[in-house]
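Listed in order, the protein sequences are those of chains A and B. Heads up, my numbering is the position in the first sequence plus 39, with the first residue counted as 1. Heads up, my numbering is the position in the second sequence plus 1, with the first residue counted as 1.
Calculated from the structure, these hints are not laboratory results. Since the model is a prediction, treat every value here as computed from it, not as a measurement. Cβ coordinates follow ideal geometry from the N, Cα and C atoms, glycine included. Possibly wrong hints are sitting among the right ones.
What follows is a list of derived Cβ distance ranges for each label pair [unchecked claim]:
1. B/N88 x A/A121: 17 to 27 Å
2. A/E44 x B/T99: 35 to 45 Å
3. B/A489 x A/D104: 49 to 59 Å
4. A/A92 x B/E280: 36 to 46 Å
5. B/E342 x A/Q122: 15 to 25 Å
6. A/T59 x B/A66: 48 to 58 Å
7. B/T341 x A/P108: 28 to 38 Å
8. B/A16 x A/Q122: 11 to 21 Å
9. B/R330 x A/E105: 18 to 28 Å
10. B/P244 x A/A92: 11 to 21 Å
11. A/E105 x B/T99: 30 to 40 Å
12. B/G456 x A/E44: 46 to 56 Å
Which chain B residues face chain A? A few, computed with CB under 10 Å, are given here [said to hold, decoys possible]:
13. G100
14. S103
15. D327
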Amino acid sequence: MAAVELDIQYVAHLARLALTPAEAEQLGSQLVSILTYMQKLNEVDVRGVEPTAHATPVTNVMRPDETRPSLAHEAALRNAPAQAGGLFIVPKIVE
Amino acid sequence: MLNRLTIAELTRLLARGEVSAREATLACLEQVQRLDPQVHAFLSLDPAEALAQADQADAARRAGATQLERPLLGVPIALKDIIAVQNQPLTCGSKILTGFVSPYDAAVTERLRAAGAVLFGRLNLDEFAMGSSTENSAFGPTRNPWDLSRVPGGSSGGAAAAVAADECLGALGSDTGGSVREPAALCGVVGLKPTYGRVSRYGLVAYASSLDQVGPLAKSVGDAATLLQVISGHDRRDSTSVPEAVPDYALALDGGLAGLRLGLPREYMIGGLDPEVSEALQRAIRQLAGLGAQVLEISLPHTDYAVATYYIIATAEASANLARFDGVRYGLRLGGADPTEMYCRTRGAGFGPEVKRRIILGTYVLSSGYYDAYYLRAQKVRTLIRQDFLKAFEQVDAIVTPATPTPAFKLGEKSADPLQMYLYDIFTLSCNLAGICGISVVCGFAAKFGGPAGGASSPLGLPIGLQLLGPPFGEPTLLRIAHAYEQATPWHNYKPPLAPLGESAG
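Next comes chain B alone, as it looks inside the complex (with noise of 0.2 Å):
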């Protein structure tokens, strides 16, 4: 069972000698082959690998090395599939990737190696993280635990299933819209977007380049905090991650709420909120004051406009990311009379239509005659979206709102309809325009969707997303914030109902 614990609680038994990393990656071993077959949050794992990983976790620890030195030594982290490590699969997804082997290790996988992290496994993602579902991953996509006839989110949805499903005692994944914290809300996990430049994006796969991040999901705020901890910090070979001293994450934690101005956006309260998702915020906004929190009203006023912002600038991005996927370096190739007919061809079969799309919408707000009213305009009110945030830091200390317009939402039930997916990301889009940082923890269950207690589905319902927004670099009032509430509320502690088939919950 140590693969239910929390990162915290695996580490103090680590350090006591109670028990071993191998022990510890065995049982995440062992719970993937229980549940992947229906979660399926996994897409390739390395058995033998991770517990040699394991095994130098334990003879580092009996020749001397500390906790103290190597926060996450022996403890077993998944990372999502499109963040690079060293002779493992990288498929981001997608078929054009296929048999791709990566010749290095992204920065974040050399910090939490550093940190003495048994990585293990390539979690399931959104084909190059675009969507909202992790339906467009050309290998199937992931089931929510919660309800395996339900999505996890996207695009980080292994991620998100993984941990909720005790798979992991932690994972990385990226967040681009909303990424970590969408399929973490999903889930009723806890997923942390760093501010822009905070984590270094070197060996992550670009999907669009001034958005992306990598991001923690973990089961507490605590080990999001341990996790954001080591992937932190300035990195030479990212222009972009920015050379700011790190705090002391684990400090921050317990700040308590007196003091804090908390602001709640009264565009946020949309129609098409569902009822259960508001009653829950509203709940979580009472426990906030009660715990000594001041909540204002505050005014994003351009919030309406993220969505057509964010898919013009992300696909625009994407389509010279992209450009990379040509079957002349690597990946796949199919041939062709000359160089076009055969970029043509392989980049028609390799990607999936998701991907197809967006790279379409890049191509063109981008190409000659629509430049200037879509993209250059898109680039104005990012500036606004951004200034409308600015403004509002100067007036609270964070932003409280929904993670997610509803809960997680049926397999299938948006996927005719692309501009309906992107509309869910209405919440979680601005944060990235801004550059700012996210969480999104548990703040409750959505009862009507709940199941009879032993069936596929939990008697509970589904997890309901409480995300909270804060200033650039302000990740330490973000946990302060998010770790008082956890300790206040009992939602973190409850466990999706699935069990392997054939037996009961327990």
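This is chain A alone, in the form it adopts within the complex (with noise of 0.2 Å):
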């Protein structure tokens, strides 16, 4: 089994996860192990077989294309951590 290469401050990164130091000893440990566990599946014939991604049997599902009602504004904002004129504010975005 080829050893498991894991860049956890990288991944992290990638997922917008802020860890601390021990977070990703310990995290990146675990992963290790779980993800030489996952390589077990090395031992499956995959030769020829389609993925599969959902097991539902609808695809392409398609609706008319008219306004419907939806969520009322201030419902919307409800939950906002920060807001201001119907708006959600965020950090500032461009210099």
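Make the complex out of the two chains shown on their own, each in a separate frame, by following the hints.
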């Protein structure tokens, strides 16, 4: 079995998750053992097998392109951490 | 004592006007007050709102509403805190949603309301339904009513414990890899995972969208059928819900077992299966055969790959689904100099260890260079696992398995080793990967885990779960088998020994 390569802080950044050094160390060693276990799947012959993304018999569900009532503005903003003037307030994006 | 009844028993009394919805709701609220300090099945409770719903149900009945039109009229039902209820908290067991109030009802919530149910309380769970013990809740674990030193299973542990402890008449949970069936097994109640697409996921906070289904937890198979009837059906807001007619599940109950073929997968008789679980399963199989079923050995050759396949696919989907918790529109926000810093700090502070573990795992298996080796390969093995089941269902009407390798384990027993916790799901995961349906019912007690009478554990020991798996939309067959088994066995009649502190059981 190939050794698992895992740069935990790099993957955590891809996931937009700040980890403390202690968390990174613990999660890193746990994930290496989980990923090593997952290499078990290399035993399976998957040549010619189609992937399954979901097990439902329906595909490409269409609906009429019509307007319908949706969540009211104030209901959508009700849980906002910061809002003003009917908008979500976020940190500055462009300098 | 109305809280101790089944839904069927309570609805009979309500229909005859012998009791009111208010009385039934009060009985549940009192039971929660008595027992929940020990069990901790509920994360929040709104007694005034529950009683207002009960009064509405009583008024509707006086105005002529009947059980026929509204099958749950006045029946107190509790929901796992991952199913949206308008104007009630929706924490998903996570600090990242502390203070969040749901702006709308989930599809299943609407259906329960239309059926007349009194919806009360938000039930504890592993954070975002990620776990097998309810120890991953940010608000503390739920305890197993049969033995307070043990876990109730997960992730719908609050739901299973609340039903077992008679804190509600029935509950809804969600099942992504066993999260309804496994806690039902560990708490000795009935848990059903419907076929993928049978029940709308609208308003169910997403963990792994190709695997998630809402399912009932109940005190009897008949009650599970009643709840399934109410929540099933197509919903255009969930494009994966299937526009297939919903059969009359109550009619399915009394079919009996004559002529049914049941499959026993040889790959499930693994080492590590607790001897008392194995014994209970063998006894259940003899009983099912005695009731007229034909039992055959079958093979599900890719069983051994289910855990790895599931934890790649589920975590990949979770890493995408949970990207929405970014501190912008709702939930916790920690400040940052720029949006990226805000996202990282918010998510680092708001998610617990298991959720972080799964998000990072899912991000890794989807990342450039690893996608083909992990995610794509897992999707192909998923195809093989699904084919195993579809082939098996050409030979048999349903598959019989243990629900879990052992009865409930101790709090903390598996916390240090996440892989051991994942392996505990071996018997329930494949059902979600294959998109089929499953039910767990109690099939005995493991006596070696019993304690002295009057103690915090039960003299009977711990409940053991029997799992039945059916083909897509095979719920009527599962209910028919489970009901026949329940009628022929005494196990469902036993109650956990819980009594309010300082009082004797009774």
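Outcome of the hint check:
1. The hinted range of 17 to 27 Å is satisfied by B/N88 and A/A121, whose Cβ atoms lie roughly 22 Å apart.
2. A C-beta distance of roughly 36 Å is found between A/E44 and B/T99, which places it inside the suggested range of 35 to 45 Å.
3. Here the CB-CB span from B/A489 to A/D104 is close to 55 Å, well matched to the stated 49 to 59 Å.
4. Here the CB-CB span from A/A92 to B/E280 is close to 40 Å, well matched to the stated 36 to 46 Å.
5. Look at B/E342 against A/Q122: about 20 Å separates their beta carbons, and that is inside 15 to 25 Å.
6. The hinted window of 48 to 58 Å between A/T59 and B/A66 holds, with their beta carbons roughly 56 Å apart.
7. The beta-carbon spacing between B/T341 and A/P108, approximately 35 Å, falls within the hinted interval of 28 to 38 Å.
8. Checked against the given bound of 11 to 21 Å, the beta carbons of B/A16 and A/Q122, roughly 48 Å apart, lie outside it.
9. Distance hint for B/R330 and A/E105: a CB-CB separation of about 26 Å, consistent with the stated range 18 to 28 Å.
10. For B/P244 and A/A92, the Cβ-Cβ distance of about 20 Å falls inside the hinted range of 11 to 21 Å, so the restraint holds.
11. A hinted range of 30 to 40 Å for the beta carbons of A/E105 and B/T99 is consistent with their spacing of about 37 Å.
12. Checked against the given bound of 46 to 56 Å, the beta carbons of B/G456 and A/E44, roughly 51 Å apart, stay inside it.
13. The beta carbon of B/G100 comes within 8 Å of a beta carbon in chain A, closer than 10 Å, and the hint placing it at the interface holds.
14. At its closest, the beta carbon of B/S103 sits 9 Å from a beta carbon of chain A; the interface hint therefore holds under the 10 Å criterion.
15. Taken as an interface hint, B/D327 checks out: its beta carbon lies about 7 Å from the nearest beta carbon of chain A, inside 10 Å.
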